[in-house]
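Novice: Listed here are the chains, written in short residue letters.
2 protein chains.
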Amino acid sequence: MPRPLQHPASADISIAAVLYALSDPVRAAIVRELTKAPQGMNCTEMNQRLGLKLAKSSCSQHYRILRDAGLIFCARKGVELFSRVRTQELSEKFPGLLRAIMAGYEAGHRD
Amino acid sequence: MPRPLQHPASADISIAAVLYALSDPVRAAIVRELTKAPQGMNCTEMNQRLGLKLAKSSCSQHYRILRDAGLIFCARKGVELFSRVRTQELSEKFPGLLRAIMAGYEAGHRD
Chain A
0 MPRPLQHPAS ADISIAAVLY ALSDPVRAAI VRELTKAPQG MNCTEMNQRL GLKLAKSSCS
60 QHYRILRDAG LIFCARKGVE LFSRVRTQEL SEKFPGLLRA IMAGYEAGHR D
Chain V
0 MPRPLQHPAS ADISIAAVLY ALSDPVRAAI VRELTKAPQG MNCTEMNQRL GLKLAKSSCS
60 QHYRILRDAG LIFCARKGVE LFSRVRTQEL SEKFPGLLRA IMAGYEAGHR D
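Here the protein sequences come in this chain order: A and V.
To convert, note that position 87 of the first sequence is 86 in numbering that gives the first Met the number 0; the numbers rise steadily by one, no gaps.
To convert, note that position 40 of the second sequence is 39 in numbering that gives the first Met the number 0; the numbers rise steadily by one, no gaps.
No lab work stands behind these hints: they were computed from the structure.
Among the clues, some could well be false.
Capping the alpha-carbon separation at 27 angstroms, the derived lysine-lysine pairs in DSSO-like fashion look like this [stated by the list, open to error]:
1. V/K92 to A/K35
2. V/K35 to V/K55
3. A/K92 to V/K55
4. A/K35 to A/K92
5. A/K76 to A/K52
6. A/K35 to A/K55
7. A/K92 to V/K35
8. A/K35 to A/K52
9. A/K35 to A/K76
With the Cβ distance kept under 8 angstroms, some of the chain A side facing chain V (calculated, not the full set) [said to hold, decoys possible]:
10. A15
11. Y104
12. G107
No residue lacks a Cβ here, since even glycine has one placed at the ideal position from N, Cα and C.
Could you put together the complete structure from these sequences and hints?
Specialist: Here's what the structure looks like:
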């Protein structure tokens, strides 16, 4: 049996961990794409969507940091891991934060 | 003559660097206190305000990261360094971001 995936409870999500997790442009792009796919998305699809060639280990590491920070919820389906953004909990806990961050990255791409 | 202080131009402030700088609770607290002191504040006053006993080197390191990220503007007055938050530039570039982050830290303190 694979190890169960750990997720922080909503009350334990810290703003410091969220900011650190999203201070990496690749992780921020993963969250942006996951937000558009509420049914979840696995690593392979994500790589295709972002035009990235991340090694499986780098991909796992990014997902782990996002999961530990409380930004995404991951579930195993067979050998694949499907992830979705914890949008509702995050918007209740940190109103306006995700939107402001995503807009900030968007603005950077337009420069 | 001391080295001149380097500050990124507004166009070069990146969301990634801003998020990384504010992912440290001490740096976020420094920005929060500086926001309340538009005339600026030096390291000694900041330590007193925050009830911290940061070594001068740690304090300088925090200020340097905040300055390099474009969050604060620093100016020498004699041997002291006075800093202020680049509030207007930041709110034009990343609307709602600083407010959402500061509110997130506030909420964490209340938990």
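Novice: All hints are to be evaluated individually against the structure, with a verdict given for each.
Specialist: Evaluation of the provided hints:
Restraint check: the Cα-Cα separation between V/K92 and A/K35 comes to about 24 angstroms, which is no more than 27 angstroms; the hinted pair holds. Straight-line distance between C-alpha atoms of V/K35 and V/K55 comes to about 22 angstroms, which keeps the hinted pair within the 27 angstroms bound. Distance hint between A/K92 and V/K55 is unfulfilled; the C-alpha atoms sit about 35 angstroms from each other, more than 27 angstroms. Using a Cα cut-off of 27 angstroms, the hinted pair A/K35 and A/K92 holds, with the two alpha carbons roughly 20 angstroms apart.
Distance restraint check for A/K76 and A/K52: the Cα-Cα separation of roughly 23 angstroms lies within the 27 angstroms cut-off, and the hinted pair is therefore satisfied. Annotation: proposed proximity of A/K35 to A/K55 holds, straight-line Cα distance about 22 angstroms (limit 27 angstroms). The suggested pairing of A/K92 with V/K35 holds, with an alpha-carbon distance near 24 angstroms, which does not exceed 27 angstroms. As the CA atoms of A/K35 and A/K52 are separated by approximately 21 angstroms, the hinted pair is consistent with the 27 angstroms bound.
This hinted pair checks out: A/K35 and A/K76 have alpha carbons roughly 20 angstroms apart, not beyond 27 angstroms. Checking A/A15 against chain V: minimum C-beta separation of about 5 angstroms stays under 8 angstroms; hint holds. For A/Y104, the interface hint holds, the least distance from its beta-carbon to any beta-carbon of chain V being 5 angstroms, beneath 8 angstroms. Of the supplied interface hints, the one on A/G107 holds, with its beta-carbon coming within about 6 angstroms of a beta-carbon of chain V, less than 8 angstroms.
In summary, the one numbered hint that this structure violates is 3.
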